[in-house]
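Chemist: This is what each chain is made of:
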Amino acid sequence: MTAVPHTAPPRRSLGLGRVLTYLLLIVAALFFLVPIYLVFATALKTPNAIELATAWHWPARLNWASFAEAWDKVGGNMLNSLFLAVTATILSALLGSLNGYALSKWRFRGANTLFALMLFGMFIPYQAVLIPLFQFIKSLGLYGSIWGLILAHVVYGIPITTLIFRNFYADVPDALVEAATIDGAGFWQIYARVIFPISIPGFVVVIIWQFTQVWNEFLFAATLTNTSSQPVTYALSQLAGGQAVSWNLPMAGAILAALPTLLVYIVLGRYFVRGLLAGSVKG
Amino acid sequence: MSKDRLWAVAVLAPSVILIGIFVYYFIGRTVYVSLTDWGNDPAQALALDPIIRWVGLQNYSELFSGFLQGRFRQELVNTLFFTVFFILGCLGLGLGLALILDRNPRGEGLWRTIFLFPMSLSFIVTGTIWRWMLQPQGGVNQAPTLLGAPPSTFAWLSSNDSVLKFDWNTLPLITASVVGVVLLFLAVGAAREGNRVRTLVAAVCAALLIGWAVFVGPNVKLLAAPELHGFNLAMIGIIIAAVWQMSGYTMALYLAGLRGIPEELREAAKVDGARDAQMYRFVIFPLLSPITLSAMIILGHISLKIFDLVYAMAGPDNIAASVPALNMYLTSFRQNQFALGAAIGTILLILVAFVIVPYLANQFRGEEGHP
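Residue numbers (the numbering used here), protein chains in the order written: chain L, 1 to 283; chain Z, 1001 to 1371.
Chain L with its partners taken away, still in its complex shape (with noise of 0.2 Å):
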């Protein structure tokens, strides 16, 4: 019979639990945080000293001109995506405000049911409108022309901007609203003197969400634009896919294409995650 060594209980696996907790977080963090400690130390290499079996090696001599190429190659599309993400978001945001408003503070029959066919958009596969919206852009002109990749954004946008406006509003009590009626407000008074200097926290995990997913966004910019207007994912894609490239390269593109919505992330983050909650529809 082996000797148990005499202690409480209770608490030597409370003590147990505790470092099973922190050996499974930081086994965990391994798994999210390996792969970037490997895309830094193939950034920063030198291209001939990239070996596929000296690939876990930290650099011995820091190559920073990596990241100098890659904006060489693809800084111009880093810019166009920064005009796409900033003009799409701030149009879905004001959009997504006056929709979420009205269908908040001034319900109607239906608003229901036309909200449900409205957020019926935000799931479908692109894949089912692609090929009308292709031949729609190019009837206005715009393929080629990033406004067309805008006008897309923005329009498959109002489901969750709207989604997420009117559930911010469904949180501001009406007597408010009411209160502005009995004074003698309309429609845009209340909006501009109530609601909007309110939405503020609202604006802000609008944009951030619509930032993020324009910035991200893969198959638009592949299917509608051409060299001189395609946005980063896309140049990010075909500077990956050739087979000769040397990885420093995509992957100090990748460190820049990744910056400025993980900057967004890393500073907003308690909103970013406020976004992501209500992408998951809590109608």
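Worth flagging that the hints you see were computed from the coordinates, not collected in a lab. A virtual CB, placed ideally from N, CA and C, is assigned to each residue, including glycine. Honestly, I wouldn't trust all of these hints.
[Claimed, not checked] Over 12 Å on every C-beta distance to chain Z, these chain L residues come out as not near it, computed from the model: (1) HIS57; (2) ALA60; (3) GLU69; (4) ASP72; (5) LEU79; (6) LEU82; (7) ALA111; (8) ASP171; (9) LEU176; (10) ARG193; (11) SER199.
[What the hints assert, rightly or not] Taking lysine to any residue and the SDA-like style, the derived pairs with C-alpha atoms no more than 20 Å apart in a straight line are: (12) Z/LYS1221 x L/VAL194; (13) L/LYS138 x Z/ASN1160; (14) Z/LYS1003 x L/LEU44; (15) Z/LYS1165 x Z/LEU1223; (16) Z/LYS1003 x L/ALA111; (17) L/LYS138 x Z/ALA1047; (18) L/LYS73 x L/ASN63; (19) L/LYS138 x Z/ASP1049; (20) L/LYS138 x Z/LEU1330; (21) Z/LYS1003 x L/ALA180; (22) Z/LYS1003 x Z/ALA1013; (23) Z/LYS1003 x L/LYS73; (24) Z/LYS1270 x Z/ILE1021; (25) L/LYS138 x Z/PHE1333; (26) Z/LYS1270 x L/GLY184; (27) Z/LYS1165 x Z/GLY1070; (28) Z/LYS1003 x L/GLU178; (29) L/LYS138 x Z/GLY1070; (30) Z/LYS1221 x L/LEU44; (31) L/LYS138 x Z/LEU1018; (32) Z/LYS1003 x L/GLY17; (33) Z/LYS1003 x L/LYS138; (34) L/LYS138 x Z/ARG1334; (35) Z/LYS1270 x Z/TYR1280; (36) L/LYS138 x Z/ASN1104; (37) L/LYS73 x L/LEU44; (38) Z/LYS1003 x L/PHE211; (39) Z/LYS1003 x L/ASN63.
Following the hints, complete the assembly by docking chain Z onto the known chain L.
Modeler: Only chain Z this time, still in chain L's reference frame:
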């Protein structure tokens, strides 16, 4: 209707019209195109005024039973396996992480940041990173050498091996049997609830389907020769990358759910003498099940239409590791076979609609009538 309500309708009108055109009309167009032969003749594909003929369901039968479209059938199988493993991976890892974080470790914010950051990346960035990780002689396969072991030789993205193989010819049989068995369960459930009409309808449908599967099914042949499809091992790497990107999302959902469980409930369970395991089994997990359902639906519709991750990792021409969403893009915009592409797009829409429509209907059913 008051003037203000008219304004509300007027404000919504542009969005409603735009969604009407860009979603519903375009879907209608796609379905129409999928029933024509536009692009099947390359000469007519990009003609200014192409001659387009109505061909009915020919494109669909080509996809499911045509000699040339084996790629599509493998992709359909890939998508289904991908969806299952991706959802299981995200739910498992997400729930695990949320349960650990719910124990209030130090630096919770930092851990959460680490688990969630891949969510902010695009699938193209994730795909580029993981493609490098999964190079045949590099990254993950070299990892064992860090511990002095020989490198692994698994062909992550280029493997042609598959498991769980089945003959495509038996697909009608398998489908009928599965649906029949599900209906049988529904019938039993309805009988227990005492709903006679539903019991009868479900039981009759189940009997018809299973009868068909037993007597007619074995003789139905979609193709002249057997065609094997299964879970392609090249998809494993893509599934890992997708779980890496999206499991933070399920973690956030579950964590929000766990934090929403009132402390009194846990206290009450403890007072009743429940041990930790029992409390999770009987109190906490049942309360989390709506979150699981909601996560399954969100992840399910993402995985059915996943495209950019596969494009970035396996490349467009890797037939073993491809998905219908990628095929649709290539068919339509590389080969200009618009009708065939539209048919694939329509099939994708139907798959996603199966997941989404009941969900949306359920979300908004209770709400109407409470102005």
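Chemist: Need the list of violated hint numbers for this structure, in ascending order.
Modeler: Violated hints (numbers, rising): 1, 7, 12, 13, 14, 23, 24, 26, 29, 30, 32, 33, 36, 38 and 39; every other hint is consistent with the structure.
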